[in-house]
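In order, the protein sequence lines correspond to chains A and B. Once you know that position 107 of the first sequence is 190 in the numbering used here, the rest is easy, because the numbers rise by one and skip nothing. Once you know that position 110 of the second sequence is 148 in the numbering used here, the rest is easy, because the numbers rise by one and skip nothing.
One should not assume that every hint holds.
As the list claims (entries may be wrong) - Below, a list of computed lysine-lysine pairs in the PhoX-like style, where the Cα atoms sit at most 20 Å apart:
no., chain 1, residue 1, chain 2, residue 2
1, A, K227, B, K247
2, A, K227, B, K272
3, A, K194, A, K239
4, B, K44, B, K247
5, B, K43, A, K308
6, A, K162, A, K134
By construction, these hints were calculated from the structure, which means they are not laboratory data.
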Amino acid sequence: MKEKTYAIITENLTKKFGDFTAVDSISFDVKRGEIFGFLGANGAGKTTAMKMLCGLLKPTSGMGMVAGYDISKNSEMVKKNIGYMSQRFSLYQDLKVWENFRLFGGIYGLKDGEIASRTDEMLKSLGFFDERDTLVQSLPAGWKQKLAFSVAILHKPSIVFLDEPTGGVDPAARRQFWELIYAAAESGITVFVTTHYMDEAEYCDRVSIMSEGVIAALDSPENLKYKYGCTTVEEVFHKLAGGQL
Amino acid sequence: MSADKKPVVAENLSKSFGQVTALQNISFETERGEMFGVIGPDGAGKTTLFRILTTLLVQSSGDAFVDGYDVKGDFRKIREIIGYMPGKFSLYGDLSVEENLNFFASIFKVDPKENYHLIKDIFHQLEPFRNRKAAALSGGMKQKLALSCALIHKPSVLFLDEPTTGVDPVSRREFWQMLDRLKSMGITIIVSTAYMDEALLCDRIALMKNGILLGVDSPAGMVASYKERLLAIKGGDMHSILKALHDIDIVKSAYSFGHEHHAAISPDFTGDAVEKIMLELTSRGFNDALVKNINPSVEDCYMELSAN
Numbered sequence: 084m085k086e087k088t089y090a091i092i093t094e095n096l097t098k099k100f101g102d103f104t105a106v107d108s109i110s111f112d113v114k115r116g117e118i119f120g121f122l123g124a125n126g127a128g129k130t131t132a133m134k135m136l137c138g139l140l141k142p143t144s145g146m147g148m149v150a151g152y153d154i155s156k157n158s159e160m161v162k163k164n165i166g167y168m169s170q171r172f173s174l175y176q177d178l179k180v181w182e183n184f185r186l187f188g189g190i191y192g193l194k195d196g197e198i199a200s201r202t203d204e205m206l207k208s209l210g211f212f213d214e215r216d217t218l219v220q221s222l223p224a225g226w227k228q229k230l231a232f233s234v235a236i237l238h239k240p241s242i243v244f245l246d247e248p249t250g251g252v253d254p255a256a257r258r259q260f261w262e263l264i265y266a267a268a269e270s271g272i273t274v275f276v277t278t279h280y281m282d283e284a285e286y287c288d289r290v291s292i293m294s295e296g297v298i299a300a301l302d303s304p305e306n307l308k309y310k311y312g313c314t315t316v317e318e319v320f321h322k323l324a325g326g327q328l
Numbered sequence: 039m040s041a042d043k044k045p046v047v048a049e050n051l052s053k054s055f056g057q058v059t060a061l062q063n064i065s066f067e068t069e070r071g072e073m074f075g076v077i078g079p080d081g082a083g084k085t086t087l088f089r090i091l092t093t094l095l096v097q098s099s100g101d102a103f104v105d106g107y108d109v110k111g112d113f114r115k116i117r118e119i120i121g122y123m124p125g126k127f128s129l130y131g132d133l134s135v136e137e138n139l140n141f142f143a144s145i146f147k148v149d150p151k152e153n154y155h156l157i158k159d160i161f162h163q164l165e166p167f168r169n170r171k172a173a174a175l176s177g178g179m180k181q182k183l184a185l186s187c188a189l190i191h192k193p194s195v196l197f198l199d200e201p202t203t204g205v206d207p208v209s210r211r212e213f214w215q216m217l218d219r220l221k222s223m224g225i226t227i228i229v230s231t232a233y234m235d236e237a238l239l240c241d242r243i244a245l246m247k248n249g250i251l252l253g254v255d256s257p258a259g260m261v262a263s264y265k266e267r268l269l270a271i272k273g274g275d276m277h278s279i280l281k282a283l284h285d286i287d288i289v290k291s292a293y294s295f296g297h298e299h300h301a302a303i304s305p306d307f308t309g310d311a312v313e314k315i316m317l318e319l320t321s322r323g324f325n326d327a328l329v330k331n332i333n334p335s336v337e338d339c340y341m342e343l344s345a346n
């Protein structure tokens, strides 16, 4: 029943690499349609946790449900029902814009007609329709990011994972990118996003802050600031994640 | 060779790739021991500029000098006296932390012990991982190692191309504290960044867009040249309030700034902007909105300049 309300449920989710515990028994839920910010210092265990949630890494122990599927027992179904985008890997540079949509649509098992109509629809709403035959490598980085996000939600996943989608992006382009995030959330897609920009943390419905494998805090930005007596999430972050690096 | 011994001099520097003009008539100078920031959107030409100044790319026209040496003719000499940290992690992933450092020291024919004082503060944090392969380090640690390797030959000018992209706020703060110490040792630092809180820490900032240098100024000078009246707005449903602000005719521009929005007021409106915005928001159903006058930040200036 709980799966109806939550896009992500984890209970004591743990990952060990030899003697090192990268993720140490984390338990948290993400509501459907929520914009959830997953914050933490470098090396705190964010990437490991995210890989488990995307079905790419088997947990050592504990339980996780994503998009209604068990991440240990049914990782293939998890992969089919989520979208994923990262700063490091997004689109194929030597394919045209429409070819990238075609490729990823095919991978997610969409029908040809469906891919074509979704591609047109999304490119039109981005104002990129005239660039459909352009090679991705010749596009500015800000455009690539927006296209990569569109490709990640092409198959209408119930949840999309964004791993530092705005890393290295200038202040103007970051704000444009967040408009896409808001639009996706309004259409009902759950957004799970990592970022090192603390102003972006303020735009999330709730944020968690990971530190040394555990979730040190989880609440709405407002409540976190109130609880720790800070005026910004940035200050909360320095309070919780500072000093131990 | 130029007689000018400024750390970096660019004179009408241009670079084209086929039809694309990446840099157009860029001219500027930096002072000894200056922290010189370069900001601008993707595709502005920042990396192209760095690659020309570090002699990895030859300009199409114009001149550039580093410590008086010509980037074209004296490239060998320049390579000996500069440190460069490219945007992409470019150390050897399958060498250990210590092996990477020793490798870079040997390329520059220096003994790593000789300049250890320069990197001591940074490198001591890496000591516990000295035998770990560089590929297995966390993002923050990789940056620290890359900086150590760029410093091991005691460069006169240090070029850092977006050194803190992907680095968390705590590590970023530490990284900039290190840069400050290097600056106090007399090293000139040219650094590009997408973080405006970092731009604020520079002595001067160059703003680039579409291959053109829009201006060079100190953060204080940049802020002082901001013309519009600026308001900060806070309320319950922030995203809807932003949309509403775009809709109000006396608002020239409105952007989200973390926990609040900033709205620049059109110069045509001369009345009480705080009261007017409060009224407009209330009439649209936002009864809890808080509005106040604020001073612009570097990021406000950036948003204003990049919109024009």
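Practice item. Mind checking the alpha carbons of K194 of chain A and K239 of chain A for me, to see if they're no more than 20 Å apart? Key: 13 Å, holds
Review point. Given the hint that K227 of chain A pairs with K272 of chain B, does the C-alpha gap stay at or below 20 Å?
Key: 32 Å, violated
Check your understanding: Does the structure keep K44 of chain B and K247 of chain B at a Cα separation of 20 Å or less?
Key -> 25 Å, violated
Review point. Taken at face value, is the distance from the CA of K308 of chain A to the CA of K43 of chain B at most 20 Å?
Key: 50 Å, violated
Practice item. Measure nothing beyond the straight line between the CA atoms of K162 of chain A and K134 of chain A; if it is 20 Å or shorter, mark the hint as holding. Key: Roughly 11 Å between the alpha carbons, so the hint for K162 of chain A and K134 of chain A holds.
Practice item. Starting from K227 of chain A, check that the Cα of K247 of chain B is at most 20 Å away, please. Key: Cα-Cα ~18 Å, so holds.
When the structure is compared with the earlier hints, violations turn up for hints 2, 4 and 5 and for no others.
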